[in-house]
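Please put together the full structure from these sequences, using the hints given.
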Amino acid sequence: MNGFSAILKGMWTTFKSMFEGPVTIQYPEVKRPVRRRFKGRHELKRYENGLEKCIGCSLCAAACPADAIFVEASENTDEQRFSPGERYASTYEINMLRCIFCGYCEDACPTEAIILGDNYELSFTDRAQSIYTREKLLNPVGPSGQATPQQVPAGMFDRSIPVMVDPD
Amino acid sequence: MTEKIAVAVAENLINLTIDNREVSVPAGTLVVNAAKLAGIDIPVFCYHPKMEPVGMCRMCLVEIGRPAIDRASGKPLLNKDGSPQINFGPKLETGCTVPVSKGMVVRGYTEEVTEARKEVIEFLLTSHPLDCPICDKGGECPLQNLTMEHGPGQSRFIFDEKIDLAKNVPLGDLIFLDRERCIQCARCTRFQDEIVDDPVIGFSQRGRALEIITFSDPGFDSYWSGNTTDICPVGALTTTDFRFEARPWELQSHASICNHCSVGCNTTLNTRREAKSGGDEVIKRVMPRQNEQVNEIWICDKGRFAHHYTESPDRLTQPLIRKGDALEPATWDEALQLVGDKFKKSKGKFAALAGGRLTNEDFFNIQQVTAKLGGKALLDSQMAGGEMVAQVGVGQGTNLSDLRAGDVVLVIASDLEEEAPLHWLRIKQAAERGAQLIVANPRRTKLDQVAHRLIRYEYGQEAAVVHAMLDSFSPKRPDQPASVKQLLRDESVKAAAEDVQSATNLIVFYGSEGLDVAGSHTLASACANLLIATGHVGRSNNGLVAVWDKGNAQGAWDAGFATSVNLADDLAAAPNLYIVGADPVGDRPDLAETFEAAEFVVVQELFLTKTAQMADVVLPVLPYTEREGTYTNAERRVQRFYPAISPRPGARADFAIAAQIGLALGLELESKLASLAFEQLAARLPAYKDLTYGKLAETFEQWPIIGREDLYYGGTTYDNTQGLGVQPPSGAERGESPALSFEALTDPEKRKGLLAVPVTRLYDLGLTVTTSEILATHWEQPHIVLSPADAEKLGLELGAQATIKLNNMQSPVAARIDNRVPKGVVLVPRSVGLHIFGPAPIEVGA
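If you're matching them up, the sequences are chains Z and S in order.
The first sequence: position 24 = 24 (the working numbering), numbered continuously.
The second sequence: position 227 = 227 (the working numbering), numbered continuously.
Misleading hints may appear alongside valid ones.
[Said to hold, decoys possible] With the Cβ distance kept under 10 Å, some of the chain Z side facing chain S (calculated, not the full set):
#1 55
#2 58
#3 59
#4 61
#5 71
#6 86
#7 87
#8 90
#9 91
#10 112
[What the hints assert, rightly or not] Below are the EDC-like pairs computed for lysine to aspartate or glutamate, each with C-alpha atoms no more than 20 Å apart in a straight line:
#11 372/S <-> 668/S
#12 823/S <-> 458/S
#13 167/S <-> 158/Z
#14 284/S <-> 75/Z
#15 276/S <-> 75/Z
#16 162/S <-> 158/Z
#17 50/S <-> 197/S
#18 485/S <-> 749/S
#19 167/S <-> 75/Z
#20 50/S <-> 274/S
#21 610/S <-> 628/S
#22 347/S <-> 749/S
#23 276/S <-> 135/Z
#24 349/S <-> 596/S
#25 167/S <-> 79/Z
#26 372/S <-> 570/S
#27 276/S <-> 93/Z
#28 167/S <-> 78/Z
#29 349/S <-> 599/S
[What the hints assert, rightly or not] Residues of chain Z clear of chain S, computed beta-carbon distances all greater than 12 Å:
#30 9
#31 18
#32 24
#33 73
#34 96
#35 152
Don't read these hints as lab results, they were simulated from the structure.
Note that the coordinates shown come from a computational prediction; the quantities given were computed from them, not determined experimentally.
The beta carbon of each residue, even a glycine, is placed where N, CA and C say it ideally should be.
Below, the structure is given as structure tokens:
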């Protein structure tokens, strides 16, 4: 290919792009959807009735290679129930400056309570803001659920670990 | 391997082969223990090295072969290659119940054994809830570990057939039971029956309906309940104190020493940062740390649960100086300046009063300050005799576990289970091994159950009993009072005197039941004389042990402190007072006048006690959990503890404060490092000669092997890697001749009314106990204990409210009735707010 045709080819590419739509999106007004396996900010899930899935077992903290998670547990009562079973997380903190978004916490969780969600908008103006507390991480209560702590009939939620169903 | 086992090996050796390894162990060793000694794992659940085997869980199944013997000739049969022919049994055998025999071959990793282990695990897990994520044991759980190592990975049982049982059942208010998790190994029930003789829990029903229940009311009423959570191989028994507090792998461990009583149990403090404490490190639990010479692998519930005082928010964090009527915050410089100036002028008019929970370094520095000012160094205690214990205390190398047939233990004036639980336990075990146990007490105590000889005397005759024993084999002194002569005719005293004379080893424990300071001194001197007269001093497993009321009382005596026979007079004589770790006004309100009249009072304390409220300067100190130091226990073992959590800002260690005060007086005392303060102490005190922090941190291999990777074997007690402590030679061993006077006795005065006598209870109302809310239902409320006859005469029923007048103080109390109490006597517990400092007349009204 000689010089002239090379220029023509390049110009043709430029010419073609004049008729294409823009690639740029107007973030933050417009947001691009993330991939299915994207790992963003953690969310603490709830059951449909509003009870928290997290039972405060601290296995996520044990699995965390960056030591970003801190969990403290307390005891549920039927008058003040946060999660099924005996135990719930009274303190749950993730240091987002430390987190490397590896998703090991998800894997370690016995109740599928912690999920790395779609939110990638993590910015802080001081270090204290990077600590995401339980209140920040918990999902809002769904339409069919109640907020925690709930008052429940005695003996209704006495198991911490739900029976796992094979996804297939 | 301990020296003890090494000796046994040399004497009676059995050779066997375990997993192709040649092992030599003493005869009688069980196969599991032989394997453990050789470093080979045979997993167990129900077997525990401190208890008799039961062979219930079947986890230890192994192939055991024995050499074939020709019946005709009695000679071993040989294979063609000349090796002995080994006959293996048709079935697997439990390694925990079979003692080793000569030429035995044990195979622990054949296919058959592996398969058996898989099946046992599968079976144990049939109804186990597998809720490890929320289980307090998860992470240090033998079932979890052995399932990972030996389990099948899958179960053939149907998941839906798991039975759901009650979780979170309170057995008592300290221990929770999870019925689903229990694998019915009976370690807990056997511990309560065999080891501590408190059979308050047991099996009920059979088969799948089997469950642990408690027979006592209140539930699990035992001073030892916490230990069952250590030896439980699953998470069935957990403590309320640690419930959901942290996962075991998140905890930091720090070696420490319990200072509640004078046994000096080795403990490990587990700490973790806590959000509700603002991110500070806090103590999450207290665990036993193995020291086979002190507490073996156990601790009592007071040691385990009464630790919360160290973290109380009420603690002082700022020096206070009196300005007018109020105590106002000040800086350390101001406070120390003031104290230094005032003390400088107080020469000859000075006294220091220190509590028995201070460390040796504290006592040494305070004593130096006191000596410089020509004052008296007083120990805040109700017992005396420490100088005699320093002279004729138990010798180097003493271990209560070595006592056996031929040895004699005399326990006098002490309810050991209440005063020093671990001493009670170890003496009970000595008695069960065959040591002759003589218990002398006016009333029945729990130790009586295992005693071989009981001596009953009347309160006030404590020393007379010992004198009568002495008189029965040595020339009688003419000046002995009638009570001694009367006791001389007592058959049990005579027999006890014979036991003592023929003893191979003799240890005398004296306590403070029914005694005041003077009485305690007389008793100690009588006991010391008995030991000297029979030649039982200056060697191991012989000597005098004081059952002190506080953890480091012996250290105080060694440093030159002494208990005051008349505290009020001694304090009144010295208008400048230096009170450290003691609350004399809180204990005895009659001392308030003395303190009001005092010229200048400095109080070094954790809390703003009643005494501190009356002080001119209050200096905040650090509890033992936040600093370093050493304690000397009743057996004269010097033990070192380490800081567990960072010091609370504002407070300082006692020895440092004393050194800083000393600076103003021209003394050069160590104020920074406890180890250097100890060096100064060791250079001055002959009893601590050549001791260093390094020596105190030395350890040697102990048996049984506890607390390493193999939690299944001994439980979650911690391995001792930070120091077993050192028992320095006693005065007698150093060749000092004991300077002992023979105290002449007088008969107790004839009395008309009722006599109140002080007794000690484990859970009193001291500040260290009442700051632990978890023990709330165990706190002893103000009460008296009467004999049924006296109660009837007074018209009092069990539990009735009564009013007592004791030492010019009226108090409402609950009346308890106990037929173990002698007639005419009222037992009054110490440290529950009743004013009892020794035997005293008492008026009881309905």
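Going down the list of hints, with the structure as the test:
{"no.": "1", "hint": "55", "in the structure": "holds (5 Å)"}
{"no.": "2", "hint": "58", "in the structure": "holds (5 Å)"}
{"no.": "3", "hint": "59", "in the structure": "holds (6 Å)"}
{"no.": "4", "hint": "61", "in the structure": "holds (7 Å)"}
{"no.": "5", "hint": "71", "in the structure": "holds (9 Å)"}
{"no.": "6", "hint": "86", "in the structure": "holds (6 Å)"}
{"no.": "7", "hint": "87", "in the structure": "holds (4 Å)"}
{"no.": "8", "hint": "90", "in the structure": "holds (8 Å)"}
{"no.": "9", "hint": "91", "in the structure": "holds (4 Å)"}
{"no.": "10", "hint": "112", "in the structure": "violated (12 Å)"}
{"no.": "11", "hint": "372/S <-> 668/S", "in the structure": "holds (11 Å)"}
{"no.": "12", "hint": "823/S <-> 458/S", "in the structure": "holds (10 Å)"}
{"no.": "13", "hint": "167/S <-> 158/Z", "in the structure": "holds (8 Å)"}
{"no.": "14", "hint": "284/S <-> 75/Z", "in the structure": "holds (16 Å)"}
{"no.": "15", "hint": "276/S <-> 75/Z", "in the structure": "holds (15 Å)"}
{"no.": "16", "hint": "162/S <-> 158/Z", "in the structure": "holds (15 Å)"}
{"no.": "17", "hint": "50/S <-> 197/S", "in the structure": "holds (14 Å)"}
{"no.": "18", "hint": "485/S <-> 749/S", "in the structure": "holds (16 Å)"}
{"no.": "19", "hint": "167/S <-> 75/Z", "in the structure": "holds (13 Å)"}
{"no.": "20", "hint": "50/S <-> 274/S", "in the structure": "violated (36 Å)"}
{"no.": "21", "hint": "610/S <-> 628/S", "in the structure": "violated (27 Å)"}
{"no.": "22", "hint": "347/S <-> 749/S", "in the structure": "violated (40 Å)"}
{"no.": "23", "hint": "276/S <-> 135/Z", "in the structure": "holds (16 Å)"}
{"no.": "24", "hint": "349/S <-> 596/S", "in the structure": "holds (16 Å)"}
{"no.": "25", "hint": "167/S <-> 79/Z", "in the structure": "holds (17 Å)"}
{"no.": "26", "hint": "372/S <-> 570/S", "in the structure": "holds (18 Å)"}
{"no.": "27", "hint": "276/S <-> 93/Z", "in the structure": "holds (13 Å)"}
{"no.": "28", "hint": "167/S <-> 78/Z", "in the structure": "holds (14 Å)"}
{"no.": "29", "hint": "349/S <-> 599/S", "in the structure": "holds (10 Å)"}
{"no.": "30", "hint": "9", "in the structure": "holds (63 Å)"}
{"no.": "31", "hint": "18", "in the structure": "holds (59 Å)"}
{"no.": "32", "hint": "24", "in the structure": "holds (44 Å)"}
{"no.": "33", "hint": "73", "in the structure": "violated (4 Å)"}
{"no.": "34", "hint": "96", "in the structure": "holds (17 Å)"}
{"no.": "35", "hint": "152", "in the structure": "holds (16 Å)"}
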